[in-house]
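Just so you know, the sequences run in chain order X and R.
Under the numbering used here, think of the first position of the first sequence as 20, with each following residue one higher.
Under the numbering used here, think of the first position of the second sequence as 20, with each following residue one higher.
Hint data in this document are derived by calculation from the structure and do not stem from the laboratory.
Do not take every clue at face value.
Intra- or inter-copy, both count: the list cannot distinguish identical chains.
[Claimed, not checked] When the alpha-carbon atoms are kept at most 25 Å apart in a straight line, the in silico SDA-like pairs for lysine to any residue are as follows:
| # | residue 1 | residue 2 |
| --- | --- | --- |
| 1 | Lys211 | Asp54 |
| 2 | Lys265 | Pro177 |
| 3 | Lys265 | Glu56 |
| 4 | Lys97 | Ala255 |
| 5 | Lys211 | Gly295 |
| 6 | Lys265 | Glu176 |
| 7 | Lys211 | Ser174 |
| 8 | Lys252 | Pro177 |
| 9 | Lys88 | Met262 |
| 10 | Lys252 | Thr217 |
| 11 | Lys207 | Arg25 |
Quick caveat: nothing in here was measured; it's all calculated off a predicted structure.
2 protein chains.
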Amino acid sequence: MNRRVRVKAPATVSNLNCGFDVIGMAINEPYDIVDIELTDNGLIEIAGIRGCQSISRDIDKNVAGAVLKAIISATGVKCGFRVIIEKGILPGSGIGSSAASSAATAFAANILLDNRFTLAELVAFAMEGERLASGSAHADNVAPAIYGGITLVRSYEPLDIIRLNIPPDLWSVVIHPRAEIKTSEARKILDKEIPLSTAVRQWGNVGGLVAGFFSSDYDLIGRSLVDYVAEPKRSALIPGFDMLRKAANEGGALGSGISGSGPSVFALCRGEDTAGEVLVKMSEVMNSSGIRFSGYSSPVNHEGTVRCN
Amino acid sequence: MNRRVRVKAPATVSNLNCGFDVIGMAINEPYDIVDIELTDNGLIEIAGIRGCQSISRDIDKNVAGAVLKAIISATGVKCGFRVIIEKGILPGSGIGSSAASSAATAFAANILLDNRFTLAELVAFAMEGERLASGSAHADNVAPAIYGGITLVRSYEPLDIIRLNIPPDLWSVVIHPRAEIKTSEARKILDKEIPLSTAVRQWGNVGGLVAGFFSSDYDLIGRSLVDYVAEPKRSALIPGFDMLRKAANEGGALGSGISGSGPSVFALCRGEDTAGEVLVKMSEVMNSSGIRFSGYSSPVNHEGTVRCN
C-alpha cells in the first residue's frame, strides 16, 4: 500500500468563449504539485504551501481540505492525510488554480486509498474544492484537469463528463496579467436571465466548436470561439483585453477570449509556430502596458492529472 | 439548357430537443416534389398544388413564390417560372413542410439557371420561404432539407451551416397527429428571456448531442436529447405527448421529443428493428386516442434535395 504519493495537475482554460460553464481544456503549463502522506492520526493537515503565500492552511479554507473531507465522508476511512501543495498556478488567475489543487488532491488520495474511485468520481470530489473556492461546485476546470484534453460537462445531475476529440495541431496561448479577479465576483456581474435569441446564438457556437474539435476543422473552431454571454460583461474587468485580442489576431490565432472568469486571456492556434508568434504579439501588448504578467504557449495537455513519483 | 426539372426534398426534424433553432435532420419520408418549367413571360406562376388544398397559389402567399422572387431579385434574370408542387408533407405538421417546398424550389430553379449557386446560397434563398411561412427566416429545416443528413446552423450572420457526422445506425420515427400547430403561434408561447442556468444546461446538451453524432455514441445521443426551453411550454399543445414519449421509451428509443414546433413527435433509435418497434408502440397510443395520424420510420436521409428526372 502506498503511504505517500506526489501528483501533478495541469492548469485549465475553461469556457473557451461559447462553452460557458461546460467546456474546458487542459494545458501543459503551469501546473500544481500535491504531495500527500497517509497518517494514522485521523487528521487532515495542510503541512505546507509553496509558491503562494496567500493561501490558507486552515483545512476549512483550503480546497485540499474540502476535497479530503468529502473523500473521508464518502469512504469512512479512519486514516489521516498530510498534504504539501506546490502552487505553480496562482490563485485568481482564471486558469483553474483551485481546480488543479483540488484535482491533484483527489487523484493523490485515490492512489493512497487503493484506486477505489473512477475518474468521474474524482471529478465529483474535486468539485467540492471548487465549491469552497468559488461558492459553486462547477466542473468545467476540474474535469479537464483530471482527464486531460478537452472536456464537456454535459450535465451536472447526473454528472456526465464527455471527452471531446483533440485536434492534433491545436495549441493554446495564455497571458496571465497579475491582477486578481475572484470567480465569485466575476459571476455576480453576469445577468441572471438572457434573451432566448442570445442563448440560441451561443449554443449554435457550442455545437460548432464541438463539431470543429471532432472534425479537426481549425477554421470552424475559430469561427465558433464567440461568447455572447460572459465576455461582453467581463472583458471590461481585464486591462488591455481588446489589444490582446487584436494582437492574437495579428499573430494568426484562430480566436481568443477570457480564460474562465479572467483575468487570463487565452488564444487557440493551429500549430506550435503560430502559438509562438501569438505569444510574442500578446506579450508585446503586456510589456507596453507595464502590467506584470506570465505567458504560456502549450499544446493541449493529454494526460491530465498524473503521478510523478 | 434545362427547360424543365423535377426535384424532391425531404421532410426534416428540427431542434432535436436541445438544438432549438440550430439543429435539424433530414428523413426519407414524407417528401415534397416540385416541378418547375422555365417560361419566357417573366412571370412566376404556381400552376398547381397536389396533395393539399389549403395552400394558396398566390405567389405572394406561397413559399415557392417567395423563393423565386428572391432568386429573380438576386440574379436579374428575365425568365419566368411555372411551378407545380406535389405536397407529401402536410402544412403545419412540424416536419418542415414549408422548408421542403422552399428547398425544392430553390434547388430546381438553380438547375434551370445552370447551377450558378452553391448549396449554402440555396439555403439562403429557401429561408425566404420560411420567412413567409413563419415570420422568421430560420434555416434549421431548410439546411438539412437541402444538404441532407444532420446540420447545425452555427450562425445566421454570416450564415454558416455545418454538416454533422451521421451515425450509421441512426433511425428516426415520426408520428404526425392531425392537429395543425402554426409555427408562428408555437413561437409566441416561448419566454423571450430564459435563466442563464437553463441556457447553460441546454448548451451542455447541444455539445453532448454533437459529440454523440461525431463519435456515433448512441447512448450519449440519447442522454443529450433533452429540451429545457421549448418542450416545457409546447408539449401541452400536443395531445398525448407524455404517452407518446413513454411508448417511445418502451420501444427502446434513444430519446424523443417535439419535431420542430409540433405537433409531430419524433424519436431517435439505434437500428431499423428498434425504429420499427418504436413506431408500433407510438402508433398504438395514437390508435387508442382516436386521433388521426401518420407514422414514419426512416434512417437519416443522406441525399437532401435531389433531382428526380
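Hints, one by one, checked against the model:
1. Lys211 <-> Asp54: Neither, since 40 Å and 51 Å both go past 25 Å.
2. Lys265 <-> Pro177: Between copies, since 21 Å is at most 25 Å while 40 Å is not.
3. Lys265 <-> Glu56: neither (47 Å within a copy, 52 Å between copies)
4. Lys97 <-> Ala255: neither (49 Å within a copy, 53 Å between copies)
5. Lys211 <-> Gly295: Close neither inside one copy (38 Å) nor across copies (44 Å); limit 25 Å.
6. Lys265 <-> Glu176: between (39 Å within a copy, 21 Å between copies)
7. Lys211 <-> Ser174: both (19 Å within a copy, 24 Å between copies)
8. Lys252 <-> Pro177: Between. Shortest inter-copy distance 24 Å satisfies the 25 Å Cα cut-off; intra-copy 30 Å does not.
9. Lys88 <-> Met262: The answer is neither: 44 Å in one copy and 45 Å across copies each exceed 25 Å.
10. Lys252 <-> Thr217: Intra 14 Å, inter 19 Å, cutoff 25 Å: intra and inter.
11. Lys207 <-> Arg25: This pair counts as neither: shortest intra-copy Cα distance 36 Å, inter-copy 58 Å.
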